[in-house]
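So the protein sequences, as listed, match chains A and B. When we follow numbering that gives the first Met the number 0, the leftmost residue of the first sequence carries the number 0, and every step to the right adds one. When we follow numbering that gives the first Met the number 0, the leftmost residue of the second sequence carries the number 0, and every step to the right adds one.
Derived by calculation from the structure, the hints in this document are not laboratory data. Some hints here could point you the wrong way.
Pairs count within a copy or across copies, as identical chains cannot be separated in the list.
[What the hints assert, rightly or not] Calculated pairs, DSS-like style, for lysine-lysine (alpha carbon to alpha carbon, straight line, at most 30 Å): (1) K282 <-> K81; (2) K81 <-> K105; (3) K240 <-> K81; (4) K230 <-> K291; (5) K291 <-> K81; (6) K131 <-> K81; (7) K240 <-> K230; (8) K81 <-> K135; (9) K135 <-> K282.
Protein chains: 2
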Amino acid sequence: MKMNIAVAQSGGPTAAINASLAGVFRQASENDSIGRIYGSVNGIEGMINDDLVPLDSILTSDHDIELLKKTPSTVLGSCRYKLAAYDPDDSVTETEYMNIVNTLEKHDIGAFFYIGGNDSMDTVMKLDRYLKAVGKDIKVIGIPKTIDNDLPGTDHTPGFGSAAKYVATTLQEIIRDSRVYSIQSITIVEIMGRNAGWLTASSCVLRANGEPAPHLIYVPEAYPDGFPIEKFLSDVEGMMKRYRAVIVAVSEGIVPDAREYKKTGADAFGHTDNSGVAKFLEKCCADRFGCKVRSIELNVMQRCSSHIASATDIEESERVGRAAVDAALAGDSGRMMGFRRISNEPYRVEIISNDVATTANRERFLPENWICNEKSDITMDALGYFLPLIQGEVNPEYRNGIPIHFRLNQ
Amino acid sequence: MKMNIAVAQSGGPTAAINASLAGVFRQASENDSIGRIYGSVNGIEGMINDDLVPLDSILTSDHDIELLKKTPSTVLGSCRYKLAAYDPDDSVTETEYMNIVNTLEKHDIGAFFYIGGNDSMDTVMKLDRYLKAVGKDIKVIGIPKTIDNDLPGTDHTPGFGSAAKYVATTLQEIIRDSRVYSIQSITIVEIMGRNAGWLTASSCVLRANGEPAPHLIYVPEAYPDGFPIEKFLSDVEGMMKRYRAVIVAVSEGIVPDAREYKKTGADAFGHTDNSGVAKFLEKCCADRFGCKVRSIELNVMQRCSSHIASATDIEESERVGRAAVDAALAGDSGRMMGFRRISNEPYRVEIISNDVATTANRERFLPENWICNEKSDITMDALGYFLPLIQGEVNPEYRNGIPIHFRLNQ
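Next up, chain A with everything else stripped away, as it sits in the complex:
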């Protein structure tokens, strides 16, 4: 008898998470031992509420799948839902786990694939442990995804390369834009990454093409005790002596040590997260230097700009989705797929898997020795790591001059 499978997507959108879905779908479709392929709507919520869609009757052609790979965000929806640890004495958590099992059994699902980040791997771990504890032979496999690149157990994460390619491409355009006038200017670009500065650090790839900007790169790993505004202003002043248009890349997770920061930088805008640091630094520079200062948030565009996705990232994301299916068929469960880098030049990776407990709820940070001594730049060592991940282009398909996306409900 054939086994059915289910796949879900979770956490923040990326340009590559649908490519991993495509990988799971393709590998499962090509395997005779797998029957129906279900998509769970809004991550684990779909499993709890029995809200599944039959992917095999939605993705009906190779063209559909290719379009899906070029569509950003999560076609099945997402969630931020975190399963409580299983507690047989707590009827709420017990009902939740039982609902998932009911969904799994009702649809004869023998393997569940969860594409997501740190929190999602927590779900994979908990669900796998529960299923083992109650003696159900259902495999649970995690497929990594995050533009933050902060998952332990993998060389890099699907979605990161595309975000890095967007950041490099857009930063270079911002650099061109900032240089037009004959006056002194400062441009501060805020890049995603709350605790880990991978994406901000990746802006150093522009140096491979001889571009000295961004002249200053600030990552949260360098400032665990707060970001000293006076040092920042002194760094900027130093660069102003060398460059008419100073470009600063700053991670959203940088927390200025200024007393006024919380008031004017974040809470005043109704933000509960860290976003807003560039705006705060803009104000600091304008007050100190009185020149033209601009701040730019790359906002959600850096995680969903599939039109400038990295082909390497999209292809790897599909491959890791395919490998997840193989892992489940080989009897694995409670594991997260990942990459091990064999070499930078030529770029070679192999697909691996690790116990999901090594990833769940944990973060991976920039190597300390990639942060230069002045804590305002990334060393050239990082270049060899970042560059392979942004190679290649995914050419969108256009209709009426606009890229076509795959949509579940047309």
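Start from chain A and add chain B according to the hints.
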């Protein structure tokens, strides 16, 4: 004897202004009656200060020119400098005009081409009048450029189509991003355009591909007496009943009628311009509805994202640059080049020119009948106008996974 020419770029950057420079350069290079081709650095400032670069020894291959066409912003630099009206009794203005004439005569320049917007056309007009008044036979021709599309005397402006293609592409990705969670959300996207809402209105092109969002589109032309916040909140509330993820496109020139606007929406951030309206509307929505609300500024990316430029825009920008050279050779001066639309389907335009006085310091607004009665949307009539302008893609050339730009000082 051969005549030399000079060309300069002015005003805000676009993805197409270098394509017009390429057009001037190519047409002049191919004409035997033209000798040297100079670029004036930082717009008219280069003419005043005799700061010229010999373009014919910088753009040395067809590949250079093709790269230039794919490079955003102004390769020659720009300025916001406005010539004072000529006054023979004022030694300062007289010196300025005389400096320009000295530069022109020193380099045997018989024609000057100025690529820019409303303010730049004022410079073209004043310089042409001065040269005629003092009996100098030097031609001055304006080449339009602005993402705002607000110049009278032309069907549309070079640079607008590329900005509109970026806005449509990016908005569609933001729409995908906003729909992932199962909760109600509001996303407010701020688009450039202080007095004219062309670029914001162009977001309606997504409807050609069956996309209902943005659900609300607000342009400044609809609200000459201020933007009523209560009506806005009521519009949003109406859309929330129909859509889980409401998308609002708002022109930066919209001025809320709320008393608190100036305080928290603009000045508190150190802005002297209108930018910040989306952030203000975000706060209003969060206060009223208590759901997830996000604001996004497309910022300078919408004017410099050459990697997603419109091929139609880039080709037309080059053509209009070429035509400017022909116009000067035919004896024209004090004129701005432009387009007249012959038909939408098939899209056909012809290149025309008008007395620059019809454009200088004047603005062109959205046709009133394109704004729907509720003042929160654009009618389908606008689609036929906008769609041809975003057609076709300019494929960037990549090195190390990053688009290559042409740089004057490599």
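Here is what the structure says about each hint:
no., hint, result
1, K282 <-> K81, "between (38 Å within a copy, 28 Å between copies)"
2, K81 <-> K105, "within (23 Å within a copy, 74 Å between copies)"
3, K240 <-> K81, "between (50 Å within a copy, 28 Å between copies)"
4, K230 <-> K291, "within (20 Å within a copy, 36 Å between copies)"
5, K291 <-> K81, "between (45 Å within a copy, 19 Å between copies)"
6, K131 <-> K81, "within (19 Å within a copy, 75 Å between copies)"
7, K240 <-> K230, "within (16 Å within a copy, 50 Å between copies)"
8, K81 <-> K135, "within (21 Å within a copy, 77 Å between copies)"
9, K135 <-> K282, "neither (58 Å within a copy, 49 Å between copies)"
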